[in-house]
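Q: From just these sequences and the hints, can you work out the full model?
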Amino acid sequence: MSLVIEQIAKRFDRFPALKGVSMEAPEGCFLALLGPSGSGKTTLLRILGGLEFADVGHIQFAGLDWLSLPARERRAGFVFQQYALFRHMTVAKNIAFGLSIRPRKTRPTRAEIARRVEELLALVQLDGLGKRYPSQLSGGQRQRVALARALAIEPRMLLLDEPFGALDAKVRKDLRHWLRSLHERLGLTTVFVTHDQDEALELADMVAVMNQGRIEQIAAPSELRANPASDFVAEFLGQNAAPGVVPLRTAATRQKSPTDSRGYATY
Amino acid sequence: MTTTTAPKMKRVAMKTIPILRPRAPTDDHPLVKIALSAIAVVFIGLFLFMPLLTVFSEALAQGWRMAWDALSEPDAIEAIKLTLLVAAIAVPLNMVFGLAASWCIAKFDFRGKNLLITLIDIPFSVSPVVSGLVFVLIFGLQGWLGQWLRDNDMKIIFALPGIVLATVFVTFPFVARELIPLMIDQGKDEEEAAATLGAGGWSTFFRVTLPNIKWALLYGVLLCNARAMGEFGAVSVVSGHIRGLTNTMPLHVEVLYNDYQYVGAFAVASVLALLALVTLLVKSVLEWQFADEISATHRH
Chain R
1 MSLVIEQIAK RFDRFPALKG VSMEAPEGCF LALLGPSGSG KTTLLRILGG LEFADVGHIQ
61 FAGLDWLSLP ARERRAGFVF QQYALFRHMT VAKNIAFGLS IRPRKTRPTR AEIARRVEEL
121 LALVQLDGLG KRYPSQLSGG QRQRVALARA LAIEPRMLLL DEPFGALDAK VRKDLRHWLR
181 SLHERLGLTT VFVTHDQDEA LELADMVAVM NQGRIEQIAA PSELRANPAS DFVAEFLGQN
241 AAPGVVPLRT AATRQKSPTD SRGYATY
Chain F
1 MTTTTAPKMK RVAMKTIPIL RPRAPTDDHP LVKIALSAIA VVFIGLFLFM PLLTVFSEAL
61 AQGWRMAWDA LSEPDAIEAI KLTLLVAAIA VPLNMVFGLA ASWCIAKFDF RGKNLLITLI
121 DIPFSVSPVV SGLVFVLIFG LQGWLGQWLR DNDMKIIFAL PGIVLATVFV TFPFVARELI
181 PLMIDQGKDE EEAAATLGAG GWSTFFRVTL PNIKWALLYG VLLCNARAMG EFGAVSVVSG
241 HIRGLTNTMP LHVEVLYNDY QYVGAFAVAS VLALLALVTL LVKSVLEWQF ADEISATHRH
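Those sequence lines, one after another, are chains R and F.
So in our numbering, the last one in the first sequence is 267, and the numbering has no gaps at all.
So in our numbering, the last one in the second sequence is 300, and the numbering has no gaps at all.
For the record, the hints were derived by calculation from the structure and aren't laboratory data.
Treat the hints with caution; some may be incorrect.
Away from chain F, derived, C-beta distances all over 12 Å, residues of chain R [what the hints assert, rightly or not]:
(1) S37
(2) Q212
(3) E216
(4) S230
What follows is a set of in silico ranges between Cβ atoms, one per label pair, in the way DEER data are often shown [said to hold, decoys possible]:
(5) F:G200 x R:Q136: 27 to 33 Å
(6) R:V171 x F:A291: 27 to 33 Å
(7) F:I117 x R:F53: 23 to 29 Å
The calculated BS3-like cross-link candidates involving lysine-lysine, where the alpha carbons are at most 27 Å apart (straight line), are [as the list claims (entries may be wrong)]:
(8) F:K214 x R:K93
(9) R:K131 x F:K214
(10) F:K107 x R:K93
(11) R:K105 x R:K93
(12) F:K113 x F:K188
(13) F:K81 x F:K155
(14) F:K188 x R:K131
(15) R:K93 x F:K188
(16) F:K214 x F:K107
(17) F:K113 x F:K214
Idealized CB from N, CA, C, for every residue including glycine.
A: In structure tokens, the structure reads:
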């Protein structure tokens, strides 16, 4: 049931985004893909989610030839950087979406779906907000709705694209701890993309440091700190390893401006 | 003396401070505001409201009875029927074409995308008369397909199919133009999210894409409908002006007007104007009714 990635390569036009990436992660692992922008980490995540297609390579997960499944059959819960909530639906409808579009035979009853939605709202600590629209929520609340929506389909794995990218520092810290404890409760194999080494080292069981379409090193955080495999890893981890320092440089290059976020104001 | 007047002057100066406070950068001088509003009101009154009023007042110049008689004349009834029929065919077709075009332009990347966007605008930039002539050249008796059509006993020019074709062509951009910018702006994140949640193509379209664009779509369809019913130039070329058969309402208005039947011409014209007003009214009512939902689906 572990996640095995073999020689995944992908190019966009002439730009090689991934140049043969291989790694293995045990089931239930909390894996961080860490790297600067353009390192290919988001492309790899989107390939895992079925939103992008690899040119070559294999991925095995849960005993399945993962890449042969279309996105909608993978049951990979995907949380987008800008959340991509359905803006015309209430929070409850957003969360229920994955269940309510199932074919009649496998679709839970209305009451069952409503019960699941309540459960998930409680899980992400948004009880009572089911009737709101996404535009009426704060960034941190939207992010948790997106997570609840992804969890509603009982995903085989959870994929998070810069889960804290669009949040301010305070909310970011709070959510980080909350996400870690949620992961421990659910035990889902989780892959998340980040450019923030503090975030990766603090949250993840394993960190894959990526650079220019390759994996520089994949190891547990302590091992990574103790024995960086290359100058790049040492430099990337070192540049703001001081506790409590928000990595302004990488944050500025990566984070999208509020105006190009899709339909969601970032206050 | 000096000691008593100095504080007084100071007080006066302090009182004037609020008046001297600069205006907010986006705030204009009151006179500018009044002048701009006046220009807008006068312009709208002269160029939009007056003509509309004239149409109705001319129609009723000789009383309701005359206007009604002009409308219930068989040729007028046929013209109204034909116009509604043409709109009923052309508008749904353009809704589907417009949706398909904007869907593929907004959600996919492919070569020649900009060319396609330019092509969509052609009906706006080409004179309607020219587009009508193009159809005559293709489908007319002396046209490219003329011989073949005659052999197979099909009539397109000077018949309903030709009028529908010309109308579809002229009104094509309305829906697409309305949808493309909105759909590009909304991106494909929500569709991708739907796919990861297990939705297939159809349920993604009907439950995610369509609800997000339905107001723009409605607006485009209403504009398209208004133009479809009012189109004159292209239809005039392909219709052949056969009274009671291929005359649409705008063509019938012209025929009556040229016959000096002013009451009849304006009566038919006011029905056209009424149809347009009703479409706008429907749109406003819907917008008012669903204000919450509209504000939720738009960016802010």
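Q: If we take the beta carbon of S230 of chain R, is the closest beta carbon in chain F still more than 12 Å away?
A: holds (33 Å)
Q: Is the Cβ of S37 of chain R more than 12 Å away from each Cβ in chain F?
A: Given a closest Cβ separation of 18 Å, the condition holds.
Q: Assess, step by step, whether the Cα of K188 of chain F is no farther than 27 Å from the Cα of K131 of chain R, and give holds or violated.
A: holds (25 Å)
Q: Please check whether G200 of chain F and Q136 of chain R have a Cβ separation lying inside 27 to 33 Å.
A: holds (30 Å)
Q: Given the proposed pairing of K214 of chain F with K107 of chain F, does the C-alpha separation stay at or below 27 Å?
A: holds (16 Å)
Q: Hint check: K81 of chain F vs K155 of chain F, CA-CA at most 27 Å. Holds or violated?
A: Status holds; Cα separation ~20 Å.
Q: Going straight from one Cα to the other, do K93 of chain R and K188 of chain F come out at no more than 27 Å?
A: holds (19 Å)
Q: Please work out if K113 of chain F and K214 of chain F have their alpha carbons no farther apart than 27 Å.
A: Status holds; Cα separation ~24 Å.
Q: Between I117 of chain F and F53 of chain R, does the C-beta distance stay in 23 to 29 Å?
A: Holds: the Cβ-Cβ distance is about 26 Å, inside 23 to 29 Å.
Q: Starting from K113 of chain F, check that the Cα of K188 of chain F is at most 27 Å away, please.
A: Distance ~17 Å between K113 of chain F and K188 of chain F Cα, so the pair holds.
Q: Does the structure keep K131 of chain R and K214 of chain F at a Cα separation of 27 Å or less?
A: holds (21 Å)
Q: Going straight from one Cα to the other, do K214 of chain F and K93 of chain R come out at no more than 27 Å?
A: Within the cut-off at roughly 18 Å; holds.
Every hint, counting from the list given before, is met by this structure.
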